[in-house]
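Protein sequence lines, in the order shown, are assigned to chains P and V. Residue numbering for the first sequence follows my numbering, starting at 11 and increasing by one per position. Residue numbering for the second sequence follows my numbering, starting at 11 and increasing by one per position.
Among the hints, erroneous ones may be present.
Per the computed footprint, the stretches of chain P lying under chain V, defined by three or more beta-carbons under 8 Å from a beta-carbon of chain V, are [stated by the list, open to error]:
1) 18-26
2) 80-89
3) 119-126
4) 169-180
No lab work stands behind these hints, which were simulated from the structure alone. Note that the Cβ used here is the ideal one computed from N, Cα and C, for glycine as well.
Number of protein chains: 2
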Amino acid sequence: MKKIAVVLAGSGVYDGAEIHEATLTLLAIDRLGAQYQMFAPDIPQYHVVNHLTGEEMPESRNVLVEAARVARGKIRPLSEYNAEFFDALIFPGGFGVAKNLCSFAFDGPSMKINEQVQYAVKETHRLRKPIGALCIAPVLIAGILRNIEVTIGTDQGTAQAVESLGGKHKKTGHGEVVVDIENRIVSTPCYMLEASISQIAEGAENTVRAILELA
Amino acid sequence: MKKIAVVLAGSGVYDGAEIHEATLTLLAIDRLGAQYQMFAPDIPQYHVVNHLTGEEMPESRNVLVEAARVARGKIRPLSEYNAEFFDALIFPGGFGVAKNLCSFAFDGPSMKINEQVQYAVKETHRLRKPIGALCIAPVLIAGILRNIEVTIGTDQGTAQAVESLGGKHKKTGHGEVVVDIENRIVSTPCYMLEASISQIAEGAENTVRAILELA
Chain P
11 MKKIAVVLAG SGVYDGAEIH EATLTLLAID RLGAQYQMFA PDIPQYHVVN HLTGEEMPES
71 RNVLVEAARV ARGKIRPLSE YNAEFFDALI FPGGFGVAKN LCSFAFDGPS MKINEQVQYA
131 VKETHRLRKP IGALCIAPVL IAGILRNIEV TIGTDQGTAQ AVESLGGKHK KTGHGEVVVD
191 IENRIVSTPC YMLEASISQI AEGAENTVRA ILELA
Chain V
11 MKKIAVVLAG SGVYDGAEIH EATLTLLAID RLGAQYQMFA PDIPQYHVVN HLTGEEMPES
71 RNVLVEAARV ARGKIRPLSE YNAEFFDALI FPGGFGVAKN LCSFAFDGPS MKINEQVQYA
131 VKETHRLRKP IGALCIAPVL IAGILRNIEV TIGTDQGTAQ AVESLGGKHK KTGHGEVVVD
191 IENRIVSTPC YMLEASISQI AEGAENTVRA ILELA
């Protein structure tokens, strides 16, 4: 049975992992007959956002501890990820990817990227194992691997950022995936488009299916 | 298009709404051609649990604000729920149901129940509209409506609690639902059984399908 590592950036679209994308990635992995193990960096969140008002809250939370909410406790620190033990790596989206795993939300293409995230992606890629990226996560992967083809949907500014990182961007609609066969990168727009939750499920399932074909 | 109200008890299995059950309920509603609107009471959580360690954290969070993470901000205070405008009401599970919506986790069958939750359930029932309950939530509904038939899976202690509240309990396995046709209550065990996420999706889908048939 193939094992897929899923990296979460917290729990909640505005400061962490997008919950629907994360949950529906797990569902797709299970339904397609593979296993998952979740990981998250053991670092403070960039900030905490009140998801009702959109305002910043005067408190601090830890990415791993909050991601454990999605994982029902079954999650490990990203420092323990070893690409040799997994068949693929997937990043669901959410602003946490662009705030906690890297600083793209603030710095654009000149972003800093978390070192554990860099190492996980580079090692997985070096071993020729596939990497999946939903929503905004393809920008993170492009920032690490540079010369890859991905999709973030249709948003012009973000597509330009991908290109300025050295990547190639391809426009996609709901549920569609872009497969960079040479680099084994699978991406899909999810909530980078105004989407229904069924469309998120479709994008996650198509991504996981493409990854399992490459793995 | 039928409209279903979904009541969340926070965000995270140990102190709020179980995230997979909540997300997969929304997915089922969307896939089966209905609409959803989420609600949560605007009250403090009973407590905050570190989902990595299982230990209580020395902070406080608000049920509505945290539930907004699952809802991507699109959620309303439960005080605004009006049963006349909806075709059905659903409660996903999670310890938050037994800690925030009522005190079953601490007081068993002699629990106190949040007044807005009581009102929402009684009004929906009075209008002969169906109510769905996943995981531990059937205990809450039995505590309010008393003489109903539900399932919480196979756990003997919880089944006895249902009976001592005046309800009737029926054992079920993964994905199975119990439909109390007279009272229009649909329940399913979800994570009250040791389950895979695909089994949760199946239970949520079967619940929503049965509810839509009654609505």
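For each hint, the structure was consulted:
By the rule of at least three residues with a Cβ nearer than 8 Å to a Cβ of chain V, the coverage given for the stretch 18-26 of chain P holds, with 5 such residues. Counting residues of the stretch 80-89 of chain P whose CB lies closer than 8 Å to any CB of chain V gives 5, so the stated coverage by that chain holds, three being the minimum. Judged by the Cβ-Cβ criterion of 8 Å, the stretch 119-126 of chain P is not covered by chain V as claimed, because only 0 of its residues qualify and three are needed. Under the rule that three or more residues need a Cβ within less than 8 Å of chain V, the assignment of the stretch 169-180 of chain P is violated, with 0 such residues.
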